[in-house]
Amino acid sequence: MSLAEFLEMKGISKSYNGTRALRKVDFSAQRGEVHAIIGENGAGKSTLVKILSGAVNADEGRIFISGAESRINNPIDSQKLGIRAVNQHFSLVPHLTVTENILIGNLQKSNAKFCINWTKSHEVARNVLDRIGFADLDVKLKISDLSASQKQMVEIAKAVSVSPNILIMDEPSAVLSQKELDRLFRVIRQLKSENVLILYISHRLDEIFQIADRVTVLKDGCLVGIVNTTETSKPALIKMMVGRTIDEIFPDRVSSFNNKVMIVRGLSRDKIFKDITFSISKGEILGFYGLVGSGRTEMARCIFGADRLTDGEVLINEKPIELSTPRKALNEGISMLTEDRSFDGLVMFLSIKDNISLAAMKKFSRFGVLNKRLQNSSVKSMINKFRIKPDNPSRQLKELSGGNQQKVVFAKWLTLETPIIILDEPTRGVDVATKHEIYNIIRALADSGTAILLISSELPEVIGLSDRVIVLREGRITGEFKRQEASEEKLLACAAGVVNEGEVSK
Amino acid sequence: MIEGMNQKKGTTIKSILASIRQFKITIRGRQFKPADYGFLVIFAVLILVGALFTDMFFTRINIANVLRQIIANGLVSLGMLMVILTGGVDLTVGSYVALGGVLFAGLTDSIGIVPALILAVSAGGLFGVVNGVLVAHFKLQAFIATLATMGILRGIVFLYTETPISPEHDAFRELGAGGIGLVSFGLIIMVTLFVLGWFFLNRMSTGRAVLAIGGNKEAVRLAGINVKLTVILAYVMSGFLSSLSGAILVSRLGIAQPSVGMAYELDAIAACVIGGAVMGGGGGGVPGAFLGVLTIGLISNLMNLLGIQTFFQDIIRGLVIILAVLARSGKN
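Residue numbers (this note's numbering), protein chains in the order written: chain A, 5 to 510; chain B, 15 to 346.
Bound-form chain B, shown alone (with noise of 0.2 Å):
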């Protein structure tokens, strides 16, 4: 009968694997596939080389650093979230991590350092609103369009400033660099934001229509939601995160480079991405860029500390994402 037709050569293998992927719990009412969750045994084994092939990863020093390094990809990330579940993709983050750090360093000593942080971050919140207005009313791919405007405003940072800067100010570092034990500042807001974005997207109705944008615009447009409002928002918070990750990473460094943040927008689609989150639009979610975003820090931090090459680590990095991707694709 037809149960050998399928059993051909190499289709055996295949439908283990899609069996794999299918495999369901049923827990109070929801389903999981573990499968979705196929990057957390990536993030375990990441963890078990670290304790066992280090000495330094479970000290106290290491925590704390892989705790700041994280916060910069991570608030660049949690926009880039924002911005993929609406169907789209922005490659302006970098920009705006370099806009929101030029600004806040170059306003603290002549404004102080509230009105610096918080005129940086408007800045980067408003330029999204460019992005949002090309790709939502005049329909430009939101590649080409964050493509175009990624070069515009990396020009605009180098007008204002062709040099580093380093604001005078006292309190200027304690941003990035202060904190209470292990927990900085930084992490706080970072946290704070994370929990809120999850809000957002699983409790309130715009956040319900970002995510159903991803998956079917027209439905939305039918449904009589605000489609392009809705993703003009998606843009700005965006400009708004991936600023504040700026000013907030040149707190820490406590000098603000024009050309800081190049291709962060290559790590913060990687922990998208890496959580679950679809290209095009689709699915994903704020857990699983918090996990995407802590393997992408961990894979640095423990390379770092095993002494491998840069370049090694590239490949590294990007045979992650193929297995992140690859334990989930039954899904689609």
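If we strip away everything but chain A, and leave its shape as in the complex, we get (with noise of 0.2 Å):
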């Protein structure tokens, strides 16, 4: 088998910063297969490929294609072997046009050499993206007025222009509605059918089932295995994924909720929401559910006064409050762990200390002045109760793996007691030990009395930890659903709109 493969990884393995994110993996592909690789975050999906596209360098370990050992050391030398990669992060240039973005660096030169010949460098763009079938897109149009599954396609315009061996697709699903996700399966059929390999990554099963021939699943930065697809199902890969079944992560718990602390009503923001209203009791976990565009971290930023309502008021023990900047809101009483911790939660460059007290400031100073001995202490605590590793305040965010930065920016925002807090995506970038102790940080929260809002993109997640939840579909709730009556196909049918009601049951 293996001297058939025209991609092979031996013994591949790469840290960061002390922290394992691939140990010893073996991995292989044919030609002409789509080949799906998967893992819950922080299996270590993104290092394997990143190591093939020369973004990052491997630790220890070999790479052949085609049976020749070939060095990997920049995404030069990566391009060179003929693998491109399609990016979870855009790298498009947002100000240059379409033409320019799927041609940058190979722009059609005039006959006189020495400047652009404008009309062949549309006509050969225009091209590419006839052949992926997304000939309708305007070659002229600037990156920053397309939507994002409109760069997407540019996106995979730019990596099939130079008809690459090795096609790597990095969560390519993640923008796309069915329709557009039904156009992007033709295009890798057509690709397949050209010979070339491609590396599907993507955390959504159903997808893997559509379109991949092989799976190979990834845990905790080592290999689990390798199958086909037709000789497997969801179950049997999520068994793989996780290593244990839904139940044993997700306890049950019993509880019921009549003291309302919170109480939404009619909130809108332009065209992002319209109309949401709902109630949260003390101690209960209210979860999330939608795609992506469903307004859900655009809701919650509102009731967090880092953007502005259109309409709407929010009313904390039945009085309504102001919600016109974050200040405020912390001030009834209202936190928010934001989605992006490098983006909106974190100063990297500043110490432990600096980030986890950085909400908290008021509380640790007088006039003005710190209280050296009361932060140190508060600190300290926090770094002991979320075990974070390393645990001397002084050392710089940017040292820290994401496990640890997530849990900063929670030791941030736990400082502060809020009886409300607002989690967009928790466990977003983080390795599947640290989403345990997120889980359970999160239940203990809950417990002691805390209202939780919590948004999240992962099924299991939000079904597991949510005594309640909400979807939301185009801005608008369109289901509700008690923990007993949640499930995964209930939820995706209601936030994907197959059905037009959700059970909605109070």
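Treat each hint with caution, since some may be false.
Computed cross-link-like contacts, PhoX-like style, restricted to lysine-lysine with a CA-CA straight-line distance of at most 20 Å [said to hold, decoys possible]:
id	chain 1	residue 1	chain 2	residue 2
1	A	LYS366	B	LYS153
2	A	LYS275	A	LYS264
3	A	LYS223	A	LYS14
4	A	LYS146	A	LYS124
5	A	LYS366	B	LYS242
6	A	LYS323	A	LYS286
7	A	LYS14	A	LYS28
8	B	LYS231	A	LYS223
9	B	LYS231	A	LYS332
10	B	LYS231	A	LYS402
11	A	LYS113	A	LYS124
12	B	LYS231	B	LYS153
13	A	LYS286	A	LYS264
14	A	LYS124	A	LYS144
15	B	LYS242	B	LYS153
Some chain A residues near chain B, calculated using beta-carbon distances under 7 Å [stated by the list, open to error]:
id	residue
16	ILE136
17	ASP140
18	PRO330
19	ARG331
20	GLY349
21	VAL351
22	ALA363
23	MET365
24	SER369
25	GLY372
26	LEU374
I should point out that these hints are in silico values taken from the structure, not numbers from a laboratory. A quick note: this is a predicted structure, and the numbers were derived from the prediction, not measured. Glycine is no exception: its CB is placed at the ideal position from the N, C-alpha and C atoms.
Dock chain one against chain two, each of which comes alone in its own frame, and use the hints as you go.
Rendered as structure tokens:
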């Protein structure tokens, strides 16, 4: 078997700042196949393909292409070997046109050789788009004027324009609608018929059964197994990925809630969400599920005062509150852990101590002067409580692993001890072990009486943790489920609009 | 295996440099990277050169001179540091120096030394509000906003006086030229303000916010801190400190030219950067800026003593800046 493989990666290991991302992973795939790589967040999927695309260097291991050992030290080496990646985070230049982005570094020259032949360049770009079935995109548009899914098309076109042997797609479906996804699958099948090897990373198992020939499962940086999609099932894959069943991760929680702390009425913001009404009680975990663009995060940011509402009101203990700045929301007892910790959660060059105490500085100071003893003891107890590694409070945040960074964000907000907390994707980009620690933290927080609004894109997480789940689609509530009634199928159906009405039960 | 992969030609030197940069010492739970203090080596070399190649360097007169000459850049740099820490830059500082200088000199004879000083310094602080509001509220890029106000303020200074002002008041020169032994009043003021600046940045909640804003403005806003006010405060401090610098400078010189302080922003930025400040925000501190100011001061002093022409001084100063930043760049 191994002789016939087109791509072989042997004994690949990689650590980031002492955290093992990959441990002696063997991987192989053939030309003309769609090979899915799955695993939970932090399982090492992205790291594996980044090594292949030259974005990061492996600590150990060898790579063979067509049986010949290949060295990939940087993206240029990788591209020379015919490897192209469609990245999870777009690598497009926003103020340039579609043509320029597709043909970047490769624009068509005029006969005189020193200037660009725009007519010809646009034509080449159009041909590339046509080839992958996106001919309707205007190549003269600027990237910044495109929607997320159009950007995705350009990203794919850019990769395909050089006729690669290996095409890496890292979560290509995250921003796509069902219709767009169908188009994407057509493109993938087309490329497959052209004998391209497609490495497809996704955590949506349904997609994998639709498109992939084989699946490689990673867990905690180790290879669990390679299976043919025809010979496996969804539960079997989940079992391989997680290593335990859902019930073991989320123990059942029985409780009744009647002490309403926050009522949200008719919340609206322009075209993003409309007429959102719900209430949450003391100690309750209220989950919010929806696809990208459903307006969950935007709604939460408005409740926190980070963005402005156009209509609606929020009542805390039956009194309406003003929601104009995060400062006011914090004074009213609402805090919010935002979805992207490096974008708006943490100050990377500052210490663990500074980051944990950032929101609570007022609490630690008198007349603007910090009480170091008070601050140090509070920070120390948070570090112990969350088992943050390293436990030295003066270490810089950027030296920490993703999971520990996320724990610092938690510690920052929990220092405030607000009665209401919004958690937006609380386990994004953390390893599996930390994920379970975070679940325990969330549970303990609710048990202590905190009302928690939990936004999550991971179905098992939102179903397993929440006492009640609200589903949003295109900015409106399309369903509400109690813990016992919620299932992955029902939530997805509501979120994707397969049925018009969810089972609304109060 | 892959160990061999990283050792291509040329990468060996890079990896040695990287490991020097990554080298850490832990003292009482705090980490120190010796590479961060690379400019101390430059500092030591400067003093060594001074000791070996000049007779004048360690004389009382020369030391007194250096200590007087660094005051102007010192105060400007302290203000510049506050602004750089928030992620901005203040190009107006040279014009503040002129504003503080001409107002102090111009008003001393009519309203007395202390009121004149207070007025001159407040004017600078007040103008700092303009820069702060332009940057924090109207979201202008700091470079553009302060470039514009640099010109506006210089124009205003020339409107106030086109000719140099030399006050009659007996005590006018005391602030800059007077003092106790080697220590001038100006130096006492500067050192005091550096200590206060350190206290502000390390022991006060607003100071920590200044530092954090340069790293991640949005995170600070979401933490319930008034980012706009904090940024405005940084520009006000810059205006205040630079105009104070101007007042002390003209007091030392005994005459206030409306053109004084031209290009002072360059030495101030240089001092901050040599001392470890990161342009665009993301690190830096008062002790570093202080050493940066001393380094810049020593370079000028030494080269004057050695009789090196000014254009050559500029070249060497530029090289020192590049060296200081390179020594640290692994941090990034």
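| said: Name the hints, by number, that the structure is in violation of. | reply: Numbers 1, 2, 8, 16 and 17, in rising order.
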